[in-house]
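Peer 1: Sequence:
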Amino acid sequence: MLDNMSLAQVIKRPTFWYHVILIMILVLAAVLRLYQNDRPFASSDHAELAAIVTFFYPRSLASLIEAPAPSWQALTSVHGMVPVLIGMVAMTLVGSIGITITEWWWNLPFVLISLMTLYAGAQFAKALGGQRAGIYAALFISVLPIHAVTSRSSGLAHVTLMALSQLLALWAVLIYSENPTRVSMRRASLAVSFALLIDLFFPILLALICAAAGLGVRHTTSFWERLARTRYLLTRPGFLLLPFMIILGNGVLMVASRLGWAFQGGVFSRLFDGSDRQIGIYGGAFWTNAVFVVGVVGLVVLVGLALAALPWLLRLDRRTLPLIWALGYLVPFVLFTRANITAYLVMGMVALSLNAALIVADLGARRSSWQAWGALGLVAVLTIFLGLRTLTIIFPLNFGSVIGAGQAQGGVFPDTGLKAAGWWLRMHTSSDDLVFGDARFEPYELWYYVRRPSLALTDAQRPEEPYARLKTAAQQPRIFLVPPDRVPLLFAYVEHAPSLLLVITDQEKPILHIYGYQPMPVAYLDVAQGNRWFDQAFGHAAAMFSLATTP
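Going by this note's numbering, 307 is the number at position 307 of the sequence shown; the sequence numbering is gapless.
Treat the hints as calculated values from the structure; they're not laboratory data.
Misleading hints may appear alongside valid ones.
What the hints assert, rightly or not - List of simulated lysine to any residue pairs, SDA-like, C-alpha gap at most 25 Å:
| # | residue 1 | residue 2 |
| --- | --- | --- |
| 1 | K509 | P484 |
| 2 | K509 | R440 |
| 3 | K471 | A460 |
| 4 | K509 | A439 |
| 5 | K471 | D433 |
| 6 | K509 | D526 |
| 7 | K471 | T458 |
| 8 | K471 | P443 |
| 9 | K509 | L490 |
| 10 | K471 | D485 |
| 11 | K509 | L525 |
| 12 | K509 | V412 |
| 13 | K509 | M520 |
| 14 | K471 | Y517 |
| 15 | K509 | P498 |
| 16 | K471 | Q461 |
| 17 | K509 | R486 |
| 18 | K509 | V487 |
| 19 | K509 | P396 |
| 20 | K471 | V487 |
| 21 | K509 | F395 |
| 22 | K509 | D415 |
| 23 | K471 | Q518 |
| 24 | K471 | A497 |
| 25 | K471 | S499 |
| 26 | K509 | P483 |
| 27 | K509 | H428 |
| 28 | K509 | N37 |
Working from the sequences, and respecting the hints, build out all of it.
Peer 2: Below is the structure:
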């Protein structure tokens, strides 16, 4: 029903084409985030959320508080309770209707959430700079390499959730500051509280909340009047009470962890982990990390457009909020950083993308034709170079140093054979057998696939580190998971030489050896077949959420 409007009239409306283009961009983003997203978890970063949910799943009322895995401990995750709850609810629904729970289903809810970031970013930019800004914002974020790749993995869900929750919180506070009604105050309070349940660096978030409130203050040019009004808005009980309670609760949880009462210390405990350096100017490390996540051309263009927004910042224009957000989450990675810290740059890069959309839209809206063509050129350059880097950061492709090379967590990596090994071990070994994992296999992924006690390291710096532990381990493993090229390390450190039990192959090439002390002939297993058997045997809800180790 078009309410007496012809189809031609509807098509001519600007909002019609805005939504058509936005839907097309969302489809593009979904393809980048879902294509080949059904592969086995490649690392603990990928498997973390699935491992926590399956280990602490509430199997009964008694399991909420009883050992060995009281379910409430899942809420103490250092990456926040929200990703865990989303994963738990989503997989309960998937399993309850009889769908086989695979890696694709674990990742799907968080891919959909990442698409919400695109939509929210488009609406935010549209509110600040018009429809063109909204389209450009959605386009830039859709092909933003670090956002696209981290969005693919449930284990990195906290990162993309931080980007979304911060965007919603800053936008809600800006609206509240501009129009301080009871409704806007409650919405801002809820948005900030939600962000505090996820944000690992909450002092930065609180500073940005103050900045957003300050930008929204109208009818004054005095800095001190603006400051006083900001303080008044943010200290009203209707706004402050719920966020304060969340902060207090997170603090109590962190203390409980330090006292040994909780599995982990919640989101605030990450403040004590992070960088291992003293404060300084680490421009080289930051440049390396930033170039890795968006490519050199993408970084140069984004930074250049950030500089173009400085006049807005000097005027305290509301459109400068994305730039302030970017500075808040990028400057700390210059002052406190180390190599290969890339996922947490998502927030700053999303903010730079929003700023770029606003600047380009403003440039394109000017009367000069060369400025309009310049704006389109910037859109084309940024989209192409970000898009190409997105392909190389997800897939094993290389388009040269100008585009950038190297994959990030969430990308498509070769199958390590662990999933197929998990099926074989759970079918042929005892649940009490201690399993040794090479440095390529870390505790979370070992639990998810193998469901056996394990001897493994997280973030081993050298290949021999896990093997060296065999010399001092109180209990010697019965099973050893070793890639073919690491077999000499096993025999260099193990006390009693084990026998080869299984060779897992990929297109007839060995990718994983399983050694042990059971008297059995050597078997061979194709990795694809082993993966299918794992899903058939352990993908249904009863097996997935059980601590039992057999079908």
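Peer 1: With reference to the structure, classify each hint as holding or not holding.
Peer 2: Here is what the structure says about each hint:
1. Between the alpha carbons of K509 and P484 the distance comes to roughly 10 Å, so the proposed pair stays at or under 25 Å and holds.
2. Our distance criterion of 25 Å between C-alpha atoms is met by K509 and R440, whose separation comes to about 18 Å.
3. Distance check on the hinted pair: K471 and A460 sit about 17 Å apart at the alpha-carbon level, within 25 Å; holds.
4. A C-alpha spacing of about 20 Å is found between K509 and A439, which places the hinted pair at or below 25 Å, so the restraint holds.
5. With a CA separation close to 18 Å, the supplied pair K471 and D433 stays within the 25 Å bound.
6. This hinted pair checks out: K509 and D526 have alpha carbons roughly 9 Å apart, not beyond 25 Å.
7. Under the criterion of a C-alpha separation no larger than 25 Å, the hint pairing K471 with T458 is consistent with the structure, at around 18 Å.
8. Taking the CA atoms of K471 and P443, the gap is near 19 Å; set against the 25 Å cutoff, the hint holds.
9. The suggested pairing of K509 with L490 holds, with an alpha-carbon distance near 20 Å, which does not exceed 25 Å.
10. The suggested pairing of K471 with D485 holds, with an alpha-carbon distance near 21 Å, which does not exceed 25 Å.
11. Straight-line distance between C-alpha atoms of K509 and L525 comes to about 11 Å, which keeps the hinted pair within the 25 Å bound.
12. Between K509 and V412, the direct Cα distance comes to roughly 19 Å. Compliance with the 25 Å bound is thereby established for this hinted pair.
13. Our distance criterion of 25 Å between C-alpha atoms is met by K509 and M520, whose separation comes to about 22 Å.
14. Using a Cα cut-off of 25 Å, the hinted pair K471 and Y517 holds, with the two alpha carbons roughly 18 Å apart.
15. Between K509 and P498 the CA atoms are separated by roughly 22 Å; this keeps the pair inside 25 Å, and the hint holds.
16. Only pairs whose Cα atoms come within 25 Å are accepted, and K471 paired with Q461 is accepted, the gap being roughly 18 Å.
17. Note on K509 and R486: the hinted pairing holds, with a Cα-Cα distance of about 15 Å set against a maximum of 25 Å.
18. Pair hint K509 plus V487 holds up; C-alpha atoms about 15 Å apart against a cutoff of 25 Å.
19. Between K509 and P396 the alpha-carbon distance is near 19 Å, which keeps this suggested pair within the 25 Å criterion.
20. With a C-alpha separation of about 16 Å, the suggested pair K471 and V487 falls inside the 25 Å cut-off, and the hint holds.
21. With a CA separation close to 21 Å, the supplied pair K509 and F395 stays within the 25 Å bound.
22. A hinted pair counts as satisfied when its Cα atoms are at most 25 Å apart, and K509 with D415 qualifies at roughly 12 Å.
23. This hinted pair checks out: K471 and Q518 have alpha carbons roughly 21 Å apart, not beyond 25 Å.
24. Between K471 and A497 the CA atoms are separated by roughly 13 Å; this keeps the pair inside 25 Å, and the hint holds.
25. Between K471 and S499 the alpha-carbon distance is near 19 Å, which keeps this suggested pair within the 25 Å criterion.
26. Among the hinted pairs, K509 with P483 is consistent with the structure: their alpha-carbon atoms are about 12 Å apart, no more than 25 Å.
27. At roughly 23 Å between alpha-carbon atoms, K509 and H428 fall within 25 Å of each other, so this suggested pair holds.
28. Our distance criterion of 25 Å between C-alpha atoms is met by K509 and N37, whose separation comes to about 23 Å.
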